[in-house]
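Q: As a plain string of letters, each chain reads:
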Amino acid sequence: MKQVMERKLDVTKAWTEKKFQWERQVTAIQFSPCGKFLVAAGIDGQLQRWELASDHRVALEGHPAWVGDLAFHPDRKRLYSVDWHGGLFCWNYAQEQPARQWSHVAAHDSWARKVAVSPDGQHVATGGNDRVVKLWSPTGQATRELVGHEGYIFSLLFHPDSKSLFSGDQMGKVRQWNLADGKLIRELDLTVLHTRLDNFLAEVGGVRSLAYDPGRDLLACGGMTNAKSNAFCPGDPLVVLIDAKTGDVKQQLKPGIKADGPINGLQFLSDGLLAGIGEGASGASLSFWNVEQPAPVHAIKMNSGYEVDLHPDGWQLAVSRFETNGRGGNGRHSTPEAYVGNDGVIDIYQLYEKPMKKPAEKPTG
Amino acid sequence: MNPYQCHGSQHEFSRRQILGAMAGLGAGSLLHPAVAEDLKAKQKQVLLIWLDGGMSQLESWDPKPGTEFGGPFRSIPTTLPGVHISELMPNTARQMQHLAVVRSMSTKDENHSTGVPRVLRGDPKNRGVTYPYLGSAMAHLKGKPDSQLPNYIWVKPGSGGFIWQHAGFLGSQYGALALGDGKPPVHINRPPGINDQVDQTRNDIRKRLNSRFQEGRRKAEVESYDYSFQMAEKLIQRKDLFKDFTPRELARYGSHPLGRHILQSKRLIEEGVLFVQCHSYHWDTHGDNFNMHLDMVPQIDKPFAALIEDWQQSGHLDNVLVLLMSEFGRTPKINQRLGRDHWPEAWSLAMAGCGLNRGLVLGKTTANGAWVEDQEYDIGHIFHTVFRAMDIDTGSTEYHINGQPLPIAHDDCGPIKELLA
Numbered sequence: 000m001k002q003v004m005e006r007k008l009d010v011t012k013a014w015t016e017k018k019f020q021w022e023r024q025v026t027a028i029q030f031s032p033c034g035k036f037l038v039a040a041g042i043d044g045q046l047q048r049w050e051l052a053s054d055h056r057v058a059l060e061g062h063p064a065w066v067g068d069l070a071f072h073p074d075r076k077r078l079y080s081v082d083w084h085g086g087l088f089c090w091n092y093a094q095e096q097p098a099r100q101w102s103h104v105a106a107h108d109s110w111a112r113k114v115a116v117s118p119d120g121q122h123v124a125t126g127g128n129d130r131v132v133k134l135w136s137p138t139g140q141a142t143r144e145l146v147g148h149e150g151y152i153f154s155l156l157f158h159p160d161s162k163s164l165f166s167g168d169q170m171g172k173v174r175q176w177n178l179a180d181g182k183l184i185r186e187l188d189l190t191v192l193h194t195r196l197d198n199f200l201a202e203v204g205g206v207r208s209l210a211y212d213p214g215r216d217l218l219a220c221g222g223m224t225n226a227k228s229n230a231f232c233p234g235d236p237l238v239v240l241i242d243a244k245t246g247d248v249k250q251q252l253k254p255g256i257k258a259d260g261p262i263n264g265l266q267f268l269s270d271g272l273l274a275g276i277g278e279g280a281s282g283a284s285l286s287f288w289n290v291e292q293p294a295p296v297h298a299i300k301m302n303s304g305y306e307v308d309l310h311p312d313g314w315q316l317a318v319s320r321f322e323t324n325g326r327g328g329n330g331r332h333s334t335p336e337a338y339v340g341n342d343g344v345i346d347i348y349q350l351y352e353k354p355m356k357k358p359a360e361k362p363t364g
Numbered sequence: 000m001n002p003y004q005c006h007g008s009q010h011e012f013s014r015r016q017i018l019g020a021m022a023g024l025g026a027g028s029l030l031h032p033a034v035a036e037d038l039k040a041k042q043k044q045v046l047l048i049w050l051d052g053g054m055s056q057l058e059s060w061d062p063k064p065g066t067e068f069g070g071p072f073r074s075i076p077t078t079l080p081g082v083h084i085s086e087l088m089p090n091t092a093r094q095m096q097h098l099a100v101v102r103s104m105s106t107k108d109e110n111h112s113t114g115v116p117r118v119l120r121g122d123p124k125n126r127g128v129t130y131p132y133l134g135s136a137m138a139h140l141k142g143k144p145d146s147q148l149p150n151y152i153w154v155k156p157g158s159g160g161f162i163w164q165h166a167g168f169l170g171s172q173y174g175a176l177a178l179g180d181g182k183p184p185v186h187i188n189r190p191p192g193i194n195d196q197v198d199q200t201r202n203d204i205r206k207r208l209n210s211r212f213q214e215g216r217r218k219a220e221v222e223s224y225d226y227s228f229q230m231a232e233k234l235i236q237r238k239d240l241f242k243d244f245t246p247r248e249l250a251r252y253g254s255h256p257l258g259r260h261i262l263q264s265k266r267l268i269e270e271g272v273l274f275v276q277c278h279s280y281h282w283d284t285h286g287d288n289f290n291m292h293l294d295m296v297p298q299i300d301k302p303f304a305a306l307i308e309d310w311q312q313s314g315h316l317d318n319v320l321v322l323l324m325s326e327f328g329r330t331p332k333i334n335q336r337l338g339r340d341h342w343p344e345a346w347s348l349a350m351a352g353c354g355l356n357r358g359l360v361l362g363k364t365t366a367n368g369a370w371v372e373d374q375e376y377d378i379g380h381i382f383h384t385v386f387r388a389m390d391i392d393t394g395s396t397e398y399h400i401n402g403q404p405l406p407i408a409h410d411d412c413g414p415i416k417e418l419l420a
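As given, the protein sequences belong to chains A and B, one line each in that order. Mapped onto numbering that gives the first Met the number 0, the consecutive letters of the first sequence carry residue numbers 0 to 364. Mapped onto numbering that gives the first Met the number 0, the consecutive letters of the second sequence carry residue numbers 0 to 420.
Heads up, some of the hints might be wrong.
In the EDC-like style, the derived pairs of lysine to aspartate or glutamate whose C-alpha atoms are separated by at most 20 Å in a straight line are [claimed, not checked]: (1) A:Lys182 - A:Asp197; (2) A:Lys227 - B:Asp51; (3) A:Lys227 - B:Asp392; (4) B:Lys363 - A:Asp197; (5) B:Lys182 - A:Glu60.
Far from chain A by the CB rule (all over 12 Å, computed), these chain B residues [stated by the list, open to error]: (6) Asp51; (7) Arg247; (8) Leu257; (9) Asn290; (10) Gln335; (11) Trp370.
FYI, nobody ran anything at the bench for these hints, they're computed from the structure. Fair warning: this is a prediction, and the values are worked out from it, not measured in the lab. For each residue, glycine too, the CB sits at the ideal point set by N, CA and C.
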C-alpha cells in the first residue's frame, strides 16, 4: 500500500526546487493566479514568462524602458505592467504567445514604478515619480487621481477587502485611500524608513514594500533605516508592522543576517509568518518572521534580493535575486569581450521538508 | 589646544588668526573700480566644478538608452544637432552650443584616495616629487603676488581652512584657501570692543609670537600659517563677497548647497579670483544609482546651465574657463545594489569658455558605453589644454625645483587641438 506523507509548511526546511535565470537583473516577479506561470521583469524592457511545468520561457516585448512592476488581474486573463518611461501595458499573458492588449505610454509623467490590481478585479492602481497614484478600470480607462504624496510612489497594495488602497512613498509616508470616493482615510508615519542627513544630496530609503495579513489586520512596511550616505546608500534593513485597526506600530522586524539595503519584497505566508527579501552589498537574506518577535525564526543567506511572491498553492515562494556574471566592483577586471552585465535569478523555494528519495531496491537473486 | 597645532589635512582658521586678521580693516574693496574692470578684461580665470566620487557618464553626458548598460533614463536632443544627453540635464541641453564635451576620457586610477589627487595633479610622470593641484599650479604660473584676493579659493561643503597640501612642491603659499560651505571665515567681523589701536597692538604681538614660533620648525608647515593669515586678511576685507544671494539668483541656480556654492564661486571669479574650485561630495553612487542620479543630476544641471548662460551673456565666458568633471565615471555594469562602481576606462567631462572652441563633442565610446572607441584622452591632455587656454605654453614653461626642470603637464600628452581656437 502506497504511503502518503502529510505535507506541512515549515520554512526551516525550505528547499529550492528550481531556478530561472535571465540575463538582466530581475526586480519584479509574480506567479499568475492560475498557478501555471511565473512572470518576471527588471532592468530591461521585457517581461519573461516561464511555464512552471515545462520551464518554457516566452518574452513579452514592447516596453520602451525598464519594467518597474507587474500585477495580474484575478480573471486569469490579464497582466498589467508599468515602465520607467511612464507606460502602463496590459497583456493577455495566458496565450501561447502573449500579446499586448492595450497600453498608455504616458500613464505617468516620468517613471511609473508600481502597479497593483484590487482583489475584486475592479481597480488597477499605478504610481510613480509624479507623486500621483492613478486608478484605472481593468480596461484602461483612467478613473481617479489620488494626489498628496510628497515623494515618489515606491509601493502600492490594495486592502484585501478591495475598499481601500495603501500607497508608500520615498519620504516614508503611507497613505490609505478610500476607493469609493478617492478621499484620504489616513496617513501613516513610516519616516523611520527614510533618511536625509544634512550632507546628503538626495532622499535615501522610502517605503519599498507592503504586505497585509487580513487575519490579524497587520500592515507590513519594508525598507531600511539609518542610512549612512547617499552614495553607497547603506542602512539597516527594517520592516515596520502596523496594527491596521489603530495605526499603531506593533513591531519592528530585522533580518537575522547582516545586510545593508532595503527590504524590497514582503509576503505573508499561510501559517502567519512573514517572508522578506532585501538588498545587500555583500549579500542579504531571505528572512521569515513570526511577527511577535523582532528577529526572524529562520533566514537563508543569499545574494542581494529584490522581490518575493507566494504561489497560489501556498507552498512555493519565488525569490528574485542578483547573480554576478564575472567580477564586479571598481574598474575593468576583464576584456571588453568578457565584460557583460549581471544576471537575475528567481529561486523557487518549496516551503516544506524535501521528500526523501526512495532508496533503490537491492537486486535480488 | 595649541592654536598652531596641525589638525589633519585641512587647517581650519584659528580664532587667534581670524581675530588677528581684523587689523587695518577698511570697508569695501581695496581695488579701484577702474582697476577691477581692467583686471576683468585682461585676466583669464578658471572655475573647476568638481563632482567628487564620480558622476555617471551614462546618466549625464554619454547616455546609451536601450542598451545593456544604458539605465532607465531617456536621452534628449540638445542645441547641437544630432547630439543627445541625458534627460536629467534639460537645462544644460539648451546651452550645449557653448560647451565642449569630451566623451572619451580614459584615466588610470579606479580609487578615490589616489585617483582624486592624481587627476587634480594632472597625473604627471613619476619624478619623485609631489606635483601641485591644478589650482595651485595656476596660482604659481598666473597668479599675482600682490593680488588683492587669494589666487586659489576652494568652495566646498564642510569645514574650511588653508589647504597647503594642494601646492605640492611649489610651496605652501600656493595652497588653497578653502571656504567651508562657501562661507567666509568665522569671526569675519571685529568684536565691537576692539578699536583700531588695540587691533594694531595685538597684530604686532601676533607677528612677534609668530616669529618666535618659527624658530626650529619645518618651514613649509610654519609658512602655511602665515599664508593662511595673509589670505584671510585679504578675504575679510571683502565682506561684500559673502552677502546674501538674491531670490532671483537662488531661483536660477537652486537653493541647495551646490547651487549656492556655484553662485559663490561665480561671485569670486567675477571679483577677480584667479582660480576657484567648487566642490560637491557624495557622487559615489555604489548603491541605488538611478534613484540617486534622479535627484542629484538636476542639482548640477540647473546651476551649471545658468552659469554658462549668464557668463555667455555677460561676456565672462570669453575669459573664464569652466571645467566640470569628477575623478572618473561609473561602471556600465550595474551591481547588486542597483548601483554603479568606479570606472576610469571611459568617462566624460565638459569644458567651456576662455577661447575654447564651442559646440563640440569629442571622442566616442562603444555602443554599450563601456570603452573608448575613438580619440582617447587622459587627464594630461586636459591639463595641456587648460594651460594653453590660459596662455601658458606647456612646451616652453617648466617648473624649476631645486634646479631640476619639470614639465607642467604630462610630457607624453599634448593639448586637444580641436578644442583650441
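Q: Compare the structure with each hint and give your call.
A: We went through each hint and held it up to the structure:
1. A:Lys182 - A:Asp197: Roughly 34 Å between the alpha carbons, so the hint for lysine 182 of chain A and aspartate 197 of chain A is violated.
2. A:Lys227 - B:Asp51: It holds: about 17 Å lies between the C-alpha atoms, which stays within 20 Å.
3. A:Lys227 - B:Asp392: violated, 46 Å
4. B:Lys363 - A:Asp197: violated, 38 Å
5. B:Lys182 - A:Glu60: Outside the cut-off at roughly 53 Å; violated.
6. Asp51: Nearest chain A Cβ is 10 Å from aspartate 51 of chain B, so the label is violated.
7. Arg247: Given a closest Cβ separation of 24 Å, the condition holds.
8. Leu257: violated, 8 Å
9. Asn290: violated, 7 Å
10. Gln335: violated, 4 Å
11. Trp370: violated, 5 Å
Hints 1, 3, 4, 5, 6, 8, 9, 10 and 11 from the earlier list are contradicted by this structure; the remaining hints agree with it.
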